[in-house]
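> One letter stands for each residue in the lines below.
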Amino acid sequence: GAVVSQHPSRVICKSGTSVKIECRSLDFQATTMFWYRQFPKQSLMLMATSNEGSKATYEQGVEKDKFLINHASLTLSTLTVTSAHPEDSSFYICSARSLAEYNEQFFGPGTRLTVL
Amino acid sequence: SQQGEEDPQALSIQEGENATMNCSYKTSINNLQWYRQNSGRGLVHLILIRSNEREKHSGRLRVTLDTSKKSSSLLITASRAADTASYFCATRYSGGYQKVTFGTGTKLQVIP
Numbered sequence: 001g002a003v004v005s006q007h008p009s010r011v012i013c014k015s016g017t018s019v020k021i022e023c024r025s026l027d028f029q030a031t032t033m034f035w036y037r038q039f040p041k042q043s044l045m046l047m048a049t050s051n052e053g054s055k056a057t058y059e060q061g062v063e064k065d066k067f068l069i070n071h072a073s074l075t076l077s078t079l080t081v082t083s084a085h086p087e088d089s090s091f092y093i094c095s096a097r098s099l100a101e102y103n104e105q106f107f108g109p110g111t112r113l114t115v116l
Numbered sequence: 001s002q003q004g005e006e007d008p009q010a011l012s013i014q015e016g017e018n019a020t021m022n023c024s025y026k027t028s029i030n031n032l033q034w035y036r037q038n039s040g041r042g043l044v045h046l047i048l049i050r051s052n053e054r055e056k057h058s059g060r061l062r063v064t065l066d067t068s069k070k071s072s073s074l075l076i077t078a079s080r081a082a083d084t085a086s087y088f089c090a091t092r093y094s095g096g097y098q099k100v101t102f103g104t105g106t107k108l109q110v111i112p
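Top line first, the protein sequences correspond to chains A and B. Sequential numbering from 1 applies to the first sequence in the working numbering. Sequential numbering from 1 applies to the second sequence in the working numbering.
Among the hints, a few may not be true.
To be verified - Sample of chain A residues with no beta-carbon within 12 Å of chain B, all distances over it, derived:
{"#": "1", "residue": "13"}
{"#": "2", "residue": "65"}
{"#": "3", "residue": "72"}
{"#": "4", "residue": "74"}
{"#": "5", "residue": "111"}
To be verified - Taking lysine-lysine and the DSSO-like style, the derived pairs with C-alpha atoms no more than 30 Å apart in a straight line are:
{"#": "6", "chain 1": "B", "residue 1": "70", "chain 2": "A", "residue 2": "66"}
{"#": "7", "chain 1": "B", "residue 1": "70", "chain 2": "A", "residue 2": "41"}
{"#": "8", "chain 1": "A", "residue 1": "55", "chain 2": "B", "residue 2": "26"}
None of these hints come from the bench; they were simulated from the model. Ideal placement from N, C-alpha and C gives every residue a C-beta, glycine not left out.
Could you put the whole structure together from the sequences, leaning on the hints where they help?
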């Protein structure tokens, strides 16, 4: 099946710094990618939907200036957490939709962000 | 916002017993998927059922979908300790970007 990778898998940063997380579709092209956030013992919450070459669409309550999403190519989307704070510590998971695989959505392994 | 709600929130059973988890959702969907997540790990895709399907099997898994009631169930038969995990249903909206949103999850514990 289609593979989605994320980098890094884990990141620890100091409060106030920015962190970039990459999401790549390895063997397929993805016109649409999704970013989710999961707090401990909770479900995944959709943060935003990004389409290649256009601005991301953010879910209600998600600050677009804090969570910058760039979908520059059909195989890469990035999420930048700007001026991270401890409350941003979470598990971030991306997902990519494949046109070839019946338009199905495939999930990355996740990135655990810890902000000190 | 969450699309689906699952019950029970937590389930504890003995090894060998069957486990049933239910998912309810609110709006029209294209498909519904079930995922497993071990603590602190990524998602493992279990099974996908399309809106025009009523039942699907995969190994020890059986999924049903009732679109009139906007609900689905996941049955794990002959459970094993390795099945201990959180299980999430994920529904794909019919409209717009056809977003996939997740239910609240069921935490399953299988006691050896």
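> Look at each hint and say if it fits the structure.
Checked hints:
1. 13: 19 Å, holds
2. 65: 21 Å, holds
3. 72: 19 Å, holds
4. 74: 16 Å, holds
5. 111: 10 Å, violated
6. B:70 x A:66: 35 Å, violated
7. B:70 x A:41: 25 Å, holds
8. A:55 x B:26: 28 Å, holds
Of the numbered hints given earlier, the model fails hints 5, 6; all others are met.
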